[in-house]
Amino acid sequence: MKFGVVIFPGSNCDYDTYFVLKDVFDQETTFLWHKEHSLHDVDCVVLPGGFSYGDYLRSGAIAKFSPLMQEVKEFADKGGLVLGICNGFQVLLELELLPGAMTRNKNLKFLCQHVHLRTENTHTPFTNRARKGDVIKIPIAHFDGNYFVEPETLHTIKQNDQIIFRYSEPNGHLSERANVNGSMHNIAGLINTGGNVLGMMPHPERASEAILGSKDGRIIFESIIHWLR
Amino acid sequence: MIDKKLLKEHNLTEEEYHLIVELIGKEPNLTELGIFSLMWSEHCSYKSSKIHLKKLPVEGKDVIQGPGENAGIIDIGEGLAVVFKIESHNHPSFIEPYQGAATGVGGILRDIFTMGARPIAIMDSLRFGPLDKPKNRAIMDGVVAGIAGYGNSIGVPTVGGEVYFNDCYSLNPLVNVFCLGIAEKDKIFYAKAEGAGNPVLYVGSKTGRDGIHGATMASAEFGEDLEEKRPNVQVGDPFKEKLLLEACLEVMDQNLIVGIQDMGAAGLTCSTSEMASNSGSGIEINLDLVPQREEGMTPYEIMLSESQERMLIVAKKEKVADVQKVFAKWDLDAVIIGRVTDNGRLIVNAGGKTVVDIPVDPVVNLCPAYRRPSAVPAYLEPQSQLDPAPSIPEDFNKAMEKLLSSPTISDKEWVFRQYDHMVQTNTALLPGADASLLRIKNTNRALAVALDGNSLYAYLDPKAGGKIAVAEACRNLSCVGASPIGVTNCLNFGNPEKPEIMWQFQNVIEGITEACQAFNIPVTGGNVSFYNDTEGVSIHPTPVLGVVGRLDDVDKTTSPSFKQEGDILCLLGQNKNELGASEYLKYVHKQKRGLVPQIDLSTEKKVQELCIAAISQGLLSSAHDVSEGGLAVCLAECSFLSEQKIGFTVDLQDNIRVDALLFGESQSRICVSVRAENFEPLRKLAEEHALSLAVLGKTGGDRLVIHHKGKELLNIPVLHGYNIWKQNIPDAFRMN
Amino acid sequence: MKVRVLVSFKDSVLDPQGQAVKNALHTLGYGGVIDIRQGKVFEIELEDISVEEANRIIPEISDKVLANPIIEKFEYQIIE
Amino acid sequence: MKVRVLVSFKDSVLDPQGQAVKNALHTLGYGGVIDIRQGKVFEIELEDISVEEANRIIPEISDKVLANPIIEKFEYQIIE
Ligand SMILES: Nc1ncnc2c1ncn2[C@@H]1O[C@H](COP(=O)(O)OP(=O)(O)O)[C@@H](O)[C@H]1O
Ligand SMILES: [Mg+2]
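Chains as they are written, first to last, in our numbering: chain A, 1 to 229; chain B, 1 to 736; chain C, 1 to 80; chain D, 1 to 80.
The following block holds chain A by itself, in its conformation from the complex (with noise of 0.2 Å):
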């Protein structure tokens, strides 16, 4: 079993990334250069947080068109995992793996902190060692995290059981103040119709060692070794 952690220019979590999955997590991880054109027979493709391209156009917008993204499409198209985190998602957005879009937080202000989450759907390569309702604690660090969609979409996604994650209350109540960045339908987490592609605004890498202040970002990776193993 073997992880990817994809570097932009101005990716700046992918260190972090590495990290867990190889010294936390002790599974072999390979970084992928963005001009690359093979993913090197990774079994999980994870994008990782930062300012790729400095996010100067729209957050993820340039690196969409990276030659290691074309690979990437590829990839997922054939059923690989692909997990984007914080600016991975919006990368993923663009390129249109995820449907919808993300606009400036509601306050606009970058936001950095602990959410909750309620994990909506288990059966998924992501989230298998979870149980449904389960909230988890796990920080956000962004500035575009305000999920959109058209009302059409969002119907699909909500019938496919595309959501994953959405912000709630620590006792896994959905509010509108739980709902920091002002998302759409409180949503956190959204995984593609082939279930293979997840992307996700908070940061389970943040949260996988107890010297951090959570570990309930653990689950992620589990559910994602589980899976494959």
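No lab work stands behind these hints: they were computed from the structure.
On a predicted model such as this, the values are computed, not experimentally measured, just so you know.
No residue lacks a Cβ here, since even glycine has one placed at the ideal position from N, Cα and C.
Be aware that one or more of the hints could be misleading.
[As the list claims (entries may be wrong)] For the chain A half of the interface with chain C, some residues (derived, Cβ under 8 Å), not all of them:
| id | residue |
| --- | --- |
| 1 | A61 |
| 2 | G100 |
| 3 | E209 |
Starting from the known structure of chain A, arrange chains B, C and D with the ligands on it as the hints suggest.
Below, chains B, C and D with the ligands without anything else, positioned relative to chain A:
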């Protein structure tokens, strides 16, 4: 051609000009004059501060690099070194808050990675005018967003800092940014230009007419002519800097270069002349080869430009192609613009002509140092008295509520929520704790950092202010279990040509020196920002101390929040009858006066050592130092920070003015909570340290309750106090 | 050739930035401002090409790069 | 009345955003793009006022709120 007017525009005196002529053996041309005006500016030459800074203790067995380089370096064992420094970006942040603060972050980051260290943390120390003025809110809003915009994007966490509010900063906000990086001890790089014939490379952004005269601006007062003096504001490009950071660390890691220097204030001028001077060599460059963003730039403009995100590198001759390959990988050009020589001169060519030909030594080292006249300020005598003493409030609940709504005291989450404080996954204590704590991956260790500087203290008693700033920063470290290993400092003052300002400066330095000696910690660098005056009004003297500490076992730490009900609350140190210079006096009684709290450094040290020992033995549930707002606010904060909002009940016994007891800011005090079973061991430990341990009360309940000898002084619901404390700053911004 | 591309949110998408600016203007006493929407503008300098060619290329890069068609719409003007 | 205000960096100020977009377009093969500068556009709906009045108010709010005169310049068009 060089007349008085031109000299004035360049902030050079006639004597300085004559000295220049003598030193270089000719009349300088305009570009050469520009070079001297930059390098001999207060900002670059430290001409007013040099002789005083010499007093600071800089020695220590673990010091790898003291003052004099881009940043200080201290050995932390296991082959690693910590590289850190603090810088001010006050003037640019007043002119354009967002970009000024952002480029301040960019600059300090370059100071750190220039030396071969990967930056792992940023901290910021900010001073603004009161938030009821829209202009002050706009400045704060922009500054915070600018720091966030740059730091978040480049992926270095902003893990802490401090914010104070005072009228004196309304026209002159302070933005001091600290950065800390980690380097492998055998891969440290310096600003060296060795080896005649080695190529000089320019990397990073193109040069524009940005900030021409920025350094000279930082060396003069703002007056009515602000508009004219305003240089082209620099816009930060954090993405470019991220690429530079990665590429530079990569060429260093592969050992391809001889030396490297960032181009910040004073740009190409400073980097070329300093690198040559440091190595006793010379440099010759051709400006036609310098990548330029604007057309028709003159040699004067190119040499003086302060465009951001640029570096100058001296490469090993045989490795140039490899260097260029690394930069190309990161989509950056590395352009050869010249070479190292051995003639001790800075030679600049352009358009086939030599436009600068001067010896580097006078430029870099021979600026005169001034012992400027100093005099005791007239305000001191009347204002350091507390006569008549203020009346004691009738309702302490009201006084407490008022104090919790002082923005200096209220919660700063509005600020740090905008900073990515967790990227790089080393942040072991979230902002809000007394010190920031960063684990060092693949070791058991952690580094702690605290910034501190109470300018009201420094205003009313500069020497005490300097001492307390060091002591308090160290105390903050001790509250998380760390011991101090090194100090950096940013000294923000008014116009040094005013004798009172010089007097403040000298005394602050004396205070810092005394405290650093007592704690036996070296100062490894810092920054002086003079001329913080607008329209003739000077800011309060504002020393900001950045102290780095070390924690050998990252698990042996604690935080200020109460952990459970029923813990015993104890005070390390003693309550004293001191009210002067307190936030309580300032905010509740509207008096900025009185005697600054006294500090006995040996007691201070003992209290801190006790706290560190108790934490390392795992005895403490929480520890929080008593500072602005006094004991009442200290205890309340421990409640507010606890997840379950645990209250407390204490009964104080001291025979002093009750408002001094509640809100006075006596030094050398730490409030700790301990589980019942840990009390006896703690008491013994205190005895071993020859310190008494006062039992104050217990944690628990949902109210903040303080009695004095059985009589109730204060009693408010935790959540009520919490909401005031929490909402104050966000509410101020909602007034927009 | 100089072209200006204007990118703005579709009407169905909320524009909190525009709202914030509107509120700021109201606070300052500009009550006559009924609505504001904020967008982006790109001033593009192109090698000289025919207007026909420009009418092919500009929508292409606008659609592919400058705007995200899920939330944004664009229009353009050839100005020189 | 509808007004459009265009705000962009002054020519002498670095525009990292425009640079990033330009580089992206070059990578995608649009080599004909010589330069791009990115700015903001505000579409403003105003209560009906005279053109004269608009010519007084628009520059005023542009200067005060929409643009940062230290680094940005603006222009406007009355479109309806
Ligand atoms: N307050 C201070 N205390 C100790 N050293 C200082 C202080 N201010 C400046 N220095 C030292 O003087 C040197 C020059 O500072 P500075 O010109 O700010 O460096 P640069 O601008 O190149 O980063 C640095 O090594 C700095 O650490
Ligand atoms: Mg420097």
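Of the numbered hints stated earlier in the document, which are not met by this structure? 3
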